[in-house]
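A.B. asks: As you go down the protein sequences, you meet chains A and B in turn. Number 273 in our numbering belongs to position 273 of the first sequence; there are no gaps in the numbering. Count along the second sequence from 1, then add 1000; that gives the number in our numbering.
The set of hints was computed from the structure by calculation and includes no laboratory data. Among these hints, one or two may not hold up.
[Claimed, not checked] Sample of chain B residues facing chain A (criterion: CB under 8 angstroms; computed from the structure):
1. N1049
2. D1055
3. G1060
4. D1074
5. A1078
6. R1081
7. F1087
8. I1095
9. D1097
10. L1098
11. K1112
12. I1113
13. A1175
14. A1205
15. L1207
For each residue, glycine too, the CB sits at the ideal point set by N, CA and C.
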Amino acid sequence: MFAHIFKMMWQRKRANSLIIIEIVIAFIVLLAVVAFIRVSYQTYSAPLGFEFDNTWSIEFEPDIKDREKTGLTARQTLQVISQLPEIEDAHTMYFPPFIEASSSTTIDTENGEFFVLSTAVSDGAQQAMGMKLLAGRWLNESDNGQTIRSVLINKLLKDNIFGDGNAVNQLFDYEGDEKLRVVGVFEDFRQMGEFSSVGNYMMFRTDLDNPKSYYRSIHIWVKPGTPRAFEEKLQKLLHQSAPNWQFEVTTWQQLRDEHIRSGMVVRIIPIVISLFLMLMVAFGLLGVLWQNVTRRTQELGLRRAMGATAAMVQMQIVFELLVISLMAITIGFLIAIQLPISGVIEQLTWSIFFQSVAISTVIIMLLSVACAYYPSLIATRYLPADALHYE
Amino acid sequence: MIRIERVKKSYRTDTIQTTALNDVSVHIKSGEFVSIMGPSGCGKSTLMNMIGLLDKPCEGKIYIDAQRIESYNDKSIAPIRNEKIGFIFQSFHLINDLSVLDNVELPLLYRKISAKERRRLALEALDKVSLNARAKHFPNQLSGGQQQRVAIARAIVGNPKILLADEPTGNLDSAMGNEIMTILDDLNKKEKTTIVMVTHDDEKAQLTERIIRLFDGQLVN
Ligand SMILES: Nc1ncnc2c1ncn2[C@@H]1O[C@H](COP(=O)(O)OP(=O)(O)OP(=O)(O)O)[C@@H](O)[C@H]1O
Ligand SMILES: [Mg+2]
């Protein structure tokens, strides 16, 4: 029986190879969409590394001409607002979270070159943000006046530079001839938000007592339940402290909402296009598979006239399409695997690739079985006499 | 061997209802060679489909070997179609994607027979219709008469007791037609196969033992 089916498939190789091409295309499109969604989800759901509840950002336009005066005013402002009963904590930060701006540099190590983003914060900001320390300690006054600057690095950068080894108190080359000393390793600080790719990150210290320190935003941790109306009181105080400055107050929650909104807008177009593409391919495949069976209604009627049961005839059709889709999936797999082999897309790890292959395979197989099962069920519902006259 | 009792069959298409068979009763004995005659559209093929279990009557009973089978389900009818009946269709119905040999083997695929035995029986059947030389050909490489002979080989390969032939010579010239008649006659005489044949050709009908005449879905005497 199997020999018979394979012989038949071989004779119908023209029609079958068209079906195979159709399935290969469907498989690759599906695989691409699944992998894209999987990678996006992986990025989106990776830990942010900090909390954003009850945190407000106060940004100001600093006077670039006179850095020292700017620092002084900012410091005074920070002290003044820290007195407010609604405010539990206040820190400075060079680049606040959820905005598309950060310092970047390239670090040259024995293990290769790494692209690293960084920011600088005042002492205690890490605890205020609920960041997780994995090794060493946070930055503090003891880092004052060291010849080698202290730095915190995230786990990914630690793994990249030091591998499995210990990083605390180790040095690495920074820009120019400078060396940095690692004093602590934190889980992560995805400053640019959930949609940004997971990457290397460093955190420097802003020494509030040093008149040369420079920053452009203050962040406050308000008591839970503080109403948005508190901004009015805050603005009044800020205005008194620095009458010539403009302050913009936003909650981190608002910044994050804006980040998610714009991230979605950027992604909605490729998602809509790929869904549309998938729909087109699915309908095309459905049509081809469906027609492949109905066109054979006469043959199926003949087989039943020769003594095959309806179930046997249906099994043959389902088996044929299973073999065809397995062949197509194998071809599609061999084409698609070139992408992770070449490593062009860094986030496309082997595990994500194979997960996506498994999901796409199951979907295509189910679609094929359904497209063999239902039309052959309809075709075998005819009495053989009617099936033989089917045009 | 075959008994059709008061069978009615009508087709309904949108608005018109056509009665193809109206209260037809036929009894065909084992070993008989019977022909069915009548004008086009009188219900000959419909009657053949009833006897061959390819169609279901609206009313009436069908007996094959004293088994009443018109209400059998698909699973119980399939082995009867496979083992007891060989069908030669008005329009051949060969599978173009299969070689002549594979086409002839088709009914044996649905029996528990080894591939080797299938091959042997198929070649034997092809031998009976003198087509061994064309075993590896495909149907569309054969003439109409050759295709008809392949269809006969396929109908007899399983050694059925009943052979139903719906205008087996309709598409052929008279020389070819006579050759086919000889084959059928041989089967009837030597293998004691019961044969029911539809024909428009009076001469060929005269060669059979009995003629059943149909007109407008009813028997005429
Ligand atoms: N599937 C069908 N649907 C509707 N009407 C049908 C169907 N099959 C047959 N008929 C009608 O039933 C009647 C008998 O048809 P049948 O095919 O039995 O005739 P026939 O005697 O074999 O004719 P021919 O000599 O041309 O083969 C005809 O009027 C035909 O139109
Ligand atoms: Mg007819």
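A.B. asks: Please check whether B:D1055 passes as an interface residue: C-beta within 8 angstroms of a C-beta belonging to chain A.
C.D. replies: Holds, about 4 angstroms.
A.B. asks: Can we keep the B:N1049 interface hint, with Cβ of chain A closer than 8 angstroms?
C.D. replies: B:N1049 check passes; min Cβ-Cβ to chain A is 4 angstroms, inside 8 angstroms.
A.B. asks: Given B:G1060 as an interface hint, is its Cβ closer than 8 angstroms to any Cβ of chain A?
C.D. replies: Because about 16 angstroms separates B:G1060 from the closest Cβ in chain A, which is outside the 8 angstroms limit, the hint is violated.
A.B. asks: Against chain A, run the beta carbon of B:A1205 and see if the smallest gap drops under 8 angstroms.
C.D. replies: 24 angstroms, violated
A.B. asks: May I ask you to test the interface hint for B:A1175 with respect to chain A, counting a Cβ-Cβ separation under 8 angstroms as satisfied?
C.D. replies: Violated: closest Cβ of chain A sits about 28 angstroms from B:A1175, beyond 8 angstroms.
A.B. asks: With 8 angstroms as the cut and Cβ atoms as the points, is B:R1081 at the interface with chain A?
C.D. replies: Holds, because the Cβ-Cβ distance from B:R1081 to chain A comes to roughly 5 angstroms (cut-off 8 angstroms).
A.B. asks: So, B:L1098 near chain A? Judge it on the closest CB pair being under 8 angstroms.
C.D. replies: 6 angstroms, holds
A.B. asks: B:I1095 was flagged as interface toward chain A. Is the shortest Cβ-Cβ separation under 8 angstroms?
C.D. replies: 6 angstroms, holds
A.B. asks: With chain A as the partner, please determine if B:F1087 meets the hint condition of a C-beta pair closer than 8 angstroms.
C.D. replies: 6 angstroms, holds
A.B. asks: With a cut-off of 8 angstroms, does the beta carbon of B:L1207 approach a beta carbon of chain A closely enough for the hint to hold?
C.D. replies: Nearest chain A Cβ about 26 angstroms off; hint violated.
A.B. asks: Does B:K1112 pass the interface check with chain A, least Cβ-Cβ distance below 8 angstroms?
C.D. replies: Violated: closest Cβ of chain A sits about 11 angstroms from B:K1112, beyond 8 angstroms.
A.B. asks: When the nearest CB of chain A is found for B:I1113, is that gap smaller than 8 angstroms?
C.D. replies: With Cβ-Cβ at 11 angstroms, over 8 angstroms, it is violated.
Checked against the numbered hints above, the structure breaks hints 3, 11, 12, 13, 14 and 15 and satisfies the rest.
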